[in-house]
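A.B. asks: Work the whole structure out from these sequences, hints included.
Sequence lines, in order, name chains E and P. Take the first sequence: its letter number 135 is residue 296 in this note's numbering, and every next letter is one higher. Take the second sequence: its letter number 319 is residue 1052 in this note's numbering, and every next letter is one higher.
Misleading hints may appear alongside valid ones.
To be verified - Computed beta-carbon distance windows for the label pairs:
#1 E/327 x P/1061: 51 to 57 Å
#2 P/1044 x E/281: 42 to 48 Å
#3 E/226 x P/956: 22 to 28 Å
#4 P/745 x E/195: 41 to 47 Å
#5 P/797 x E/262: 42 to 48 Å
#6 E/334 x P/915: 37 to 43 Å
#7 E/273 x P/919: 45 to 51 Å
#8 P/1026 x E/176: 27 to 33 Å
#9 P/1086 x E/331: 27 to 33 Å
#10 E/326 x P/1086: 56 to 62 Å
Derived by calculation from the structure, the hints in this document are not laboratory data. Note that CB positions come from ideal geometry on N, CA and C, so glycine has one too.
Listed below are the residues making up each chain.
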Amino acid sequence: MTATTPRLHEPWQGQRRQRYAATVGMWLFLGSEALLFGGMLVAFLLCRSLQPEGFATAAAETDIAIGTANTLLLLTSSAAVAVGAEAARQGLRRWALPALGATLALGLAFLVLKGFEWRSDILGRLWPGPGFRLHAPGSEMFFAFYWALTGLHAAHMVGGLGAISWFTVEVLLGRRSLRSAAFEAMALYWHLIDIVWVFLFPLLYLDGRSGA
Amino acid sequence: MSAPPSYLADGQGIGSWLLTTDHKRIALLYMATLIAFFCIGGTAAALIRLELVTPGPMLFSDDTYNRLFTLHGTVMVWFFLVPSIPNTLGNFLLPLMIGARDLAFPRLNLLSWYLFMGSGGLLVASLLAGGVDTGWTFYTPFSTMYSNSYVLLAALGVVLAGFSSIATGVNFIATVHLLRAPGLGWFRLPLMVWTLYATSMVMVLATPVLAAALLLIVAERGFGLPIFDPRHGGDPLLFQHLFWFYSHPAVYIMILPSFGVVSEVITCFSRRRIFGYSFMVYAIMWITVMGFLVWGHHMFVSGQSLYASLAFSFLSFVIAVPSAIKVFNWSFTLYRGQISFEAPMLYALGFIGLFTIGGLTGLSLATIPIDVHVTDTYFVIAHFHFIMVGGAVTALYGGLHFWWPKLTGRMYPEGAARFCAILMFFGFAFTFFPMFIMGFLGMPRRYHVYPPEFQIWHVMSSCGALLLAGAYLLPMIYLTLSLFRGARAVADPWQATGLEWRTASPPPRENFLKEPIVDEGPYRYHPEGQTHEGSATPPQRQGEARA
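C.D. replies: Listed below in C-alpha cells is the structure:
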C-alpha cells in the first residue's frame, strides 16, 4: 500500500466521492453546531438587552490582555490548520506535519492562557454566587454566560485538539494516509471553533470598554 | 451459483451485532432498545390511567404522580417517538430505497446507537435515583431552582440523546445526497425517503437549540450560574422560547416519517400512483420550514406579546395547509383504486382518520381565544396524543407490518394483524376521545385528584387504555412467534414498487447483488403500455407467499 492512497470504506466506490462525503457530513454537523452556539448567543443577547449597563460593567472586568492574545493565537491556528489540511490533501508531508503541529501548539497555548485567565477570574471572585465581587444588577448574569460560553467553547477546543492529534499520530504510525479526508473535515471544524470565538471576543471582552 | 447469506446470517455471535456497521442490523439494535423504552413509558402511562380511575388519591402521592407523568413524557418523546420510525424503519430502509449499499457513514451510525444507549443509561439512572418531577418540558425556574428531583441526570440524558439524533440526521442527509442509485433523481424518490430527509433537516437544525437550552439549565442548576433566575434579572420565558424552538419542530420529527410510511402503504394497497406526487414533496418541505416558525403557539398564556401571539397563531393556521394537502392527496389516491384491506392498509387508513382529528383540533388550539380556554387541560393532551400516538405510533405499527417480510424474511399472521389494527383504532379512540370532552369541560392536566363529575370520562379513558395496551402488546407476541413459525417471504410479497422489494427478503449484507438502475418514477403500479387487467394483479396473499 502506498502511503498516499487513503483506505476506501464502505459504502464508497471511489476516492473522490468518499472525500466529498466527509466534507458534506462535516458541513452538516457545523450547521448543527452553529445553532448550538447560536441558541446560547441569542439567549446572551436577549439578557444583555434587558440589562445593558450591568453587562457592560461586568464585561469591563474580563482580562482583555489574555482575551486579545487568545484571539491572535486562535486566528493564527486557523491559518495553520488551513495550510496543514491543504498540504495533507496534496500529500506534502514536509508541509502538512509542521502545520498540524503548529495548530496543536497554538490551540494548546490558547487553553493554557485560558486556564490562567479562569484562575484569576475565580481568585478575583468573579464566579457567580455568594461573595461575587461586582454589585451592578446583571453583572452576575453576565458572568454566568461568560463561564457557560467560554466553557463550552473550550470543550469544543479540547475535542478538536484531540481529533487533530489522533489523526496526526495515526499518520506518523503509518496507519492513516496523509491524504485522508479527515484532515479537511477537521480543519472545517477548527474554523468553526475560531468563528465562534470571533463572536465571543467582542461580546465578552470589548463591551463596556469604549471609555465613552 | 448460490445466493449469498442474508444480513441476519452473515456473522454470528454477540460481537457481530454490537460492533456491526450494517445499517440493517443497527436498525434491529435500535428496535430492541426502543421496545424496552416503549414498555417503560407505557407502564408509566398504565399506572397514570389506573390512578385516575377514582377522583381521590388512590395509589400514589402527589409527588410520585408528578414523577410518573414526567417519566412517561420524557421517555416517550425522546426515547421512543423521536427515534421511532427514523432509527428503526428509516435506518433499515433508507439505503435500500435509494439502491445504496449502506448509509454514508456506517460507523457514525453505530456511534449514534451507542450515544443513544448512553443517554438511555443516564435517564434510567435518574429514574432509579428517584425520578424527575418537572414534566417533560423542564420549565424554569422550577427545574433550575425548586425541584428536588434528579433534573441534571435527565437533562444530560436528553442532551446526549440529541447528539444521537444529530448523528442520524447528518448521516441520512448525506446518504440521500450522495448515494442515490443511477437514474434515481430527486423527483423519483419514494415519499418515505423525502420524509426521512426532511426529518433529518429538523433533527440537525432544531436539536442543538434544545441542547443549548438544557445545557443552560445544567449550568444554572449544577454550577449555580444564574441564567434564567428572575432575582438576577433573568427571564424564565427565555427558556420556554428555546425549548419550544426545538420541541415544536420535534413534533414534525415524529409525524413526518409516518407520512412517508402511509404514502408507501396506501399506494401499494390501492394499486395506484400517489396523487399529486410533486405537491406531496412540496408539502413535506413546506411543513419542514414552517415547523420552525410556529413555536410560540405553545406560549399563548405565558405572557408573551400579544402581537407575537397573533403572528404565531396565523402561522399555525398556515402550516395546516400542507398537512391538509397530504390528507386530500391520500384520499384521492384511494379514489378508484383497487383497494385491499391487508393489516398495513388498515393501520394506514386508521392513521388518516386519527391524524385528521388531531390536526383539526390543532387548528382549534391555534385559535387564541380557544387556546386560552383549554390551555393545560385534557383537550391539549387529547390533541397531541391524536397526532403522536394515533398518528405516529399507528403508522409505526403499519410500517412494521408492511416491511416485516423484508426485515425478517417471514410473513406475519394476517388475521391476528388485522384484528390488532382494528383494536388499536378503537382502543385509541376510546382512550383519547373522552379527553377532548373533559378537557373542554375544564379538567386540568397533571392532577391526579379531580372533581367527581369528571370520573365517568376518566373511567372510559382508562378502559380504552386497556384495549390499547392489548393492541400494542399482541403484535409483539405474534410477530415474535412469526420469526419461528411464519411462512417464508418472497422478495416482493405485496408486489410493491420500491427498490427495497427488488432484493431478497431478508436482504444480503450488501443489499443488492447488482447495483439497481432506476428508469422510472415511484409508485408505477400501472406501467404504461400494459393493459389495465394485465398489471392489476392483486397483492399476493400469505398462502401464495408460502408456496
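A.B. asks: Hint by hint, say whether it matches the structure.
C.D. replies: Cross-check of the supplied hints:
no., hint, result
1, E/327 x P/1061: 51 to 57 Å, "53 Å, holds"
2, P/1044 x E/281: 42 to 48 Å, "46 Å, holds"
3, E/226 x P/956: 22 to 28 Å, "26 Å, holds"
4, P/745 x E/195: 41 to 47 Å, "44 Å, holds"
5, P/797 x E/262: 42 to 48 Å, "58 Å, violated"
6, E/334 x P/915: 37 to 43 Å, "39 Å, holds"
7, E/273 x P/919: 45 to 51 Å, "49 Å, holds"
8, P/1026 x E/176: 27 to 33 Å, "41 Å, violated"
9, P/1086 x E/331: 27 to 33 Å, "56 Å, violated"
10, E/326 x P/1086: 56 to 62 Å, "57 Å, holds"
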